[in-house]
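There are 2 protein chains.
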Amino acid sequence: MPYGSEPPQLLRQKLFYKGRKFNFDVNRYRLPNQSEGEWECIRHPGGALAVPLTQDRKLAIVRQYRFATQGRLLEFPAGTIELGETPESTIEREIQEEVGYKASTWKKIGEFFLAPGYSDEIIYAFLATDLEQLPQHLAQDEDEDIEVILMTPEEVEQAILMGDMTDAKSIAAFTLARPFLFN
Amino acid sequence: MPYGSEPPQLLRQKLFYKGRKFNFDVNRYRLPNQSEGEWECIRHPGGALAVPLTQDRKLAIVRQYRFATQGRLLEFPAGTIELGETPESTIEREIQEEVGYKASTWKKIGEFFLAPGYSDEIIYAFLATDLEQLPQHLAQDEDEDIEVILMTPEEVEQAILMGDMTDAKSIAAFTLARPFLFN
Numbered sequence: 016m017p018y019g020s021e022p023p024q025l026l027r028q029k030l031f032y033k034g035r036k037f038n039f040d041v042n043r044y045r046l047p048n049q050s051e052g053e054w055e056c057i058r059h060p061g062g063a064l065a066v067p068l069t070q071d072r073k074l075a076i077v078r079q080y081r082f083a084t085q086g087r088l089l090e091f092p093a094g095t096i097e098l099g100e101t102p103e104s105t106i107e108r109e110i111q112e113e114v115g116y117k118a119s120t121w122k123k124i125g126e127f128f129l130a131p132g133y134s135d136e137i138i139y140a141f142l143a144t145d146l147e148q149l150p151q152h153l154a155q156d157e158d159e160d161i162e163v164i165l166m167t168p169e170e171v172e173q174a175i176l177m178g179d180m181t182d183a184k185s186i187a188a189f190t191l192a193r194p195f196l197f198n
Numbered sequence: 016m017p018y019g020s021e022p023p024q025l026l027r028q029k030l031f032y033k034g035r036k037f038n039f040d041v042n043r044y045r046l047p048n049q050s051e052g053e054w055e056c057i058r059h060p061g062g063a064l065a066v067p068l069t070q071d072r073k074l075a076i077v078r079q080y081r082f083a084t085q086g087r088l089l090e091f092p093a094g095t096i097e098l099g100e101t102p103e104s105t106i107e108r109e110i111q112e113e114v115g116y117k118a119s120t121w122k123k124i125g126e127f128f129l130a131p132g133y134s135d136e137i138i139y140a141f142l143a144t145d146l147e148q149l150p151q152h153l154a155q156d157e158d159e160d161i162e163v164i165l166m167t168p169e170e171v172e173q174a175i176l177m178g179d180m181t182d183a184k185s186i187a188a189f190t191l192a193r194p195f196l197f198n
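These protein sequences, in sequence, are chains A and V.
Heads up: the first sequence at position 146 corresponds to 161 in this note's numbering, and the numbers run straight through without jumps.
Heads up: the second sequence at position 60 corresponds to 75 in this note's numbering, and the numbers run straight through without jumps.
Derived from the structure by calculation, the hints contain no laboratory data.
Keep in mind that a hint or two might mislead.
[What the hints assert, rightly or not] No farther apart than 20 angstroms at their CA atoms in a straight line, the calculated lysine to any residue pairs in the SDA-like style are these:
{"#": "1", "chain 1": "V", "residue 1": "33", "chain 2": "A", "residue 2": "122"}
{"#": "2", "chain 1": "A", "residue 1": "29", "chain 2": "V", "residue 2": "168"}
{"#": "3", "chain 1": "V", "residue 1": "36", "chain 2": "V", "residue 2": "123"}
{"#": "4", "chain 1": "V", "residue 1": "122", "chain 2": "V", "residue 2": "52"}
{"#": "5", "chain 1": "V", "residue 1": "29", "chain 2": "A", "residue 2": "31"}
{"#": "6", "chain 1": "V", "residue 1": "33", "chain 2": "A", "residue 2": "178"}
{"#": "7", "chain 1": "A", "residue 1": "122", "chain 2": "A", "residue 2": "151"}
{"#": "8", "chain 1": "V", "residue 1": "36", "chain 2": "A", "residue 2": "173"}
{"#": "9", "chain 1": "V", "residue 1": "29", "chain 2": "A", "residue 2": "100"}
{"#": "10", "chain 1": "V", "residue 1": "117", "chain 2": "V", "residue 2": "86"}
{"#": "11", "chain 1": "A", "residue 1": "33", "chain 2": "V", "residue 2": "30"}
{"#": "12", "chain 1": "A", "residue 1": "33", "chain 2": "V", "residue 2": "58"}
{"#": "13", "chain 1": "A", "residue 1": "122", "chain 2": "V", "residue 2": "31"}
{"#": "14", "chain 1": "V", "residue 1": "36", "chain 2": "A", "residue 2": "38"}
{"#": "15", "chain 1": "A", "residue 1": "123", "chain 2": "V", "residue 2": "179"}
{"#": "16", "chain 1": "V", "residue 1": "29", "chain 2": "A", "residue 2": "38"}
{"#": "17", "chain 1": "A", "residue 1": "122", "chain 2": "V", "residue 2": "73"}
{"#": "18", "chain 1": "A", "residue 1": "33", "chain 2": "V", "residue 2": "43"}
{"#": "19", "chain 1": "A", "residue 1": "29", "chain 2": "V", "residue 2": "163"}
{"#": "20", "chain 1": "V", "residue 1": "33", "chain 2": "A", "residue 2": "173"}
{"#": "21", "chain 1": "V", "residue 1": "33", "chain 2": "A", "residue 2": "37"}
{"#": "22", "chain 1": "V", "residue 1": "123", "chain 2": "A", "residue 2": "34"}
{"#": "23", "chain 1": "V", "residue 1": "123", "chain 2": "A", "residue 2": "117"}
{"#": "24", "chain 1": "A", "residue 1": "123", "chain 2": "V", "residue 2": "72"}
{"#": "25", "chain 1": "A", "residue 1": "117", "chain 2": "A", "residue 2": "173"}
{"#": "26", "chain 1": "A", "residue 1": "33", "chain 2": "V", "residue 2": "31"}
{"#": "27", "chain 1": "V", "residue 1": "36", "chain 2": "A", "residue 2": "51"}
{"#": "28", "chain 1": "V", "residue 1": "29", "chain 2": "A", "residue 2": "70"}
{"#": "29", "chain 1": "A", "residue 1": "36", "chain 2": "V", "residue 2": "73"}
{"#": "30", "chain 1": "V", "residue 1": "36", "chain 2": "A", "residue 2": "176"}
{"#": "31", "chain 1": "V", "residue 1": "122", "chain 2": "V", "residue 2": "87"}
{"#": "32", "chain 1": "V", "residue 1": "122", "chain 2": "A", "residue 2": "40"}
{"#": "33", "chain 1": "V", "residue 1": "73", "chain 2": "V", "residue 2": "163"}
{"#": "34", "chain 1": "V", "residue 1": "123", "chain 2": "A", "residue 2": "172"}
{"#": "35", "chain 1": "A", "residue 1": "33", "chain 2": "V", "residue 2": "167"}
{"#": "36", "chain 1": "V", "residue 1": "33", "chain 2": "V", "residue 2": "117"}
{"#": "37", "chain 1": "A", "residue 1": "33", "chain 2": "V", "residue 2": "32"}
{"#": "38", "chain 1": "V", "residue 1": "33", "chain 2": "A", "residue 2": "123"}
{"#": "39", "chain 1": "A", "residue 1": "117", "chain 2": "A", "residue 2": "95"}
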């Protein structure tokens, strides 16, 4: 992965917003090709995502309200990496909170940049197996509005191709999980 | 697609940044489930992306410097929809500027949300075929630093699985194009 191999030269930085989960700043850079310009950036601690596969070969998906899209999206469970967490500990927590499962086996399937034009967020993607349903769902984050749906890998592939699953990180993670789902 | 089916109630909005390509604001909303909170949002006009397939079954990919990742990423050609453009006209322009090809056949393969946790950007994805190489590459955007690479669909799939193509929108678009690439 080419991350960090060619840092730009920071000439000036202005912080416009400091938030709970990320900051937003505007930067004047000199790039490796010597061109100069201003670029805006969400500064994000990164996110972790699970493709959770149950014993009877179903994927646990969440249908989640997103204010930015003014509707509900089908997504794999994911969350922002909090202070002191590793990607693994973040997603172990999120999968319990969002879908009510505990996974015993975790396999890293890849990492990718969500929106490299204006965000430094990296998503760390895992396949979660040996799932055990928790007796009671842990408390959800207050600002989340989430329903859990079980679908076969074939149904998820169809949902992507038919335009029913329209979240980029979930489509990308499904693609990274494919070799482990169809064989 | 559930876009717009359940708009939240906007209680307060503060614009923090007005940029060339997008704005950034912070909003107090009441969601359909009646919970209230503050959410930050990149307000983006949308992007268009092409999966360009040449006559000899190669995909035209760009290797592009991204300040946010401090390195070069493999991506499908894409660009921000500018004022007065349709997604089709944006990507017809971008494919000429970025990879030096003109495509005669365009097929919409899907649309998806890039980062629905903090951005309203929609990516409109197209398969571009009947490509004709332009005699000379049009002028590139000044802040871009781009190299064009031709790869077979099998090579792109391997690049995704091996972690060499790590751009979420490109991985998602490849997945939408799959049924048209392998048969």
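Which numbered hints fail | 1, 2, 3, 4, 6, 7, 8, 9, 10, 13, 17, 19, 20, 22, 23, 24, 25, 28, 29, 30, 31, 32, 35, 36, 38
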